[in-house]
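Same order as they appear, the protein sequences are chains A and B.
So for the first sequence, this note's numbering puts the first residue at 618; every next one is plus one.
So for the second sequence, this note's numbering puts the first residue at 618; every next one is plus one.
To be clear, the hints were calculated from the coordinates, so they are not data collected in a lab.
The structure presented is a predicted model; accordingly, all values stated were derived computationally and were not measured.
Only true hints are included.
Identical copies carry no separate label here, and so any pair may be met within one copy or between two of them.
Calculated cross-link-like contacts (lysine to aspartate or glutamate; reagent style DMTMM-like; alpha-carbon spacing at most 20 Å):
no., residue 1, residue 2
1, Lys-676, Asp-635
2, Lys-692, Glu-657
3, Lys-625, Asp-643
4, Lys-676, Asp-695
5, Lys-625, Asp-635
There are 2 protein chains.
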Amino acid sequence: MIENKARKETASRSARLDSVFAALADPTRRAIIERLSRGEARVTEVAGPFHMSLNAVSKHIRVLEASGVVERHRKGRDHILSINTRSLDEVDGWIERMRRYWEERLDAMEHLLRELNKDRKLGPKGRKHGSR
Amino acid sequence: MIENKARKETASRSARLDSVFAALADPTRRAIIERLSRGEARVTEVAGPFHMSLNAVSKHIRVLEASGVVERHRKGRDHILSINTRSLDEVDGWIERMRRYWEERLDAMEHLLRELNKDRKLGPKGRKHGSR
Numbered sequence: 618m619i620e621n622k623a624r625k626e627t628a629s630r631s632a633r634l635d636s637v638f639a640a641l642a643d644p645t646r647r648a649i650i651e652r653l654s655r656g657e658a659r660v661t662e663v664a665g666p667f668h669m670s671l672n673a674v675s676k677h678i679r680v681l682e683a684s685g686v687v688e689r690h691r692k693g694r695d696h697i698l699s700i701n702t703r704s705l706d707e708v709d710g711w712i713e714r715m716r717r718y719w720e721e722r723l724d725a726m727e728h729l730l731r732e733l734n735k736d737r738k739l740g741p742k743g744r745k746h747g748s749r
Numbered sequence: 618m619i620e621n622k623a624r625k626e627t628a629s630r631s632a633r634l635d636s637v638f639a640a641l642a643d644p645t646r647r648a649i650i651e652r653l654s655r656g657e658a659r660v661t662e663v664a665g666p667f668h669m670s671l672n673a674v675s676k677h678i679r680v681l682e683a684s685g686v687v688e689r690h691r692k693g694r695d696h697i698l699s700i701n702t703r704s705l706d707e708v709d710g711w712i713e714r715m716r717r718y719w720e721e722r723l724d725a726m727e728h729l730l731r732e733l734n735k736d737r738k739l740g741p742k743g744r745k746h747g748s749r
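Sequences are here, hints too, so could you generate the full structure?
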C-alpha cells in the first residue's frame with residue numbers, strides 16, 4: 618500500500634515536471650516568468666511589452682497556470698498574476714541533482730587532465746630531474 | 618552591427634532553451650539523462666531498463682541529440698552516448714537567475730512576516746512593556 622502511494626507520488630511529480638518543462642519551452646512564456654519574478658502584476662501589465670494580441674498572451678498565461686508555475690488571484694476588478702515558486706523549485710531540484718552527478722564527473726576528468734599535464738611537463742627530460 | 622550580432626546570439630540561445638526544455642518535458646528522456654549523468658553508455662545499455670522497443674527509445678535519444686543535451690560518438694562498432702553538460706548549464710543558468718529574483722522576494726516577505734509577528738507578540742499589552 619505504502620509502495621503504491623510512493624509510486625503514485627513519483628508519477629504525479631513526474632507529470633508535474635513534464636508540464637513545467639513544456640511550459641518553459643517557449644520564449645514568450647519564459648519572458649512572462651521573468652517579468653513575474655520581479656513581482657506580481659496585472660494581466661494587462663504582463664501583456665504590455667509583447668508585440669502580440671492580449672488574447673495570444675492570455676493563451677500563454679493559461680499554459681503557465683495549468684503547469685502550476687503561475688497563479689492568479691483577483692483584487693477587485695483586476696486579475697493579478699504571480700509565480701508559484703514551489704513549482705520551479707521542483708524543476709530546479711531535478712537539474713540540481715543532474716548537475717551534482719556531472720560535476721563529480723567533471724572534477725574527476727579535471728583531476729585526470731592535471732595528472733596528464735604534470736606527466737607531460739616532467740616529460741622524458743623532466744622525469745630525469747624529477748626521479749628521486 | 619554589434620547590436621545585430623548580440624541579437625542573433627540571444628535569439629539562438631533562446632532557441633536552444635526552447636529545445637532543451639522541450640527535450641526535458643518527457644519522463645523517458647529525463648530517465649535517459651539520469652542514466653547518462655552517471656557515465657557514458659552504449660545505446661543498447663541505455664535502452665535496456667525501459668519497457669519499450671529499441672526503436673521507441675532511439676526516437677527519444679534523437680530528440681535529446683537534436684536539443685544538444687546528448688552527444689554520440691563511435692567506438693568501433695558501438696555508438697556511445699554521453700551528456701553535453703554545457704547545454705544543461707544554460708538551462709540551469711536561466712533557472713538560477715529566476716531563483717535569485719524570487720529568493721530576494723521570499724526573503725523580503727519573510728522579513729515582513731517576522732516584523733508582523735513581533736508586533737503581534739508584543740500586542741496591545743506587550744507594547745506597553747516594549748515601549749522604551
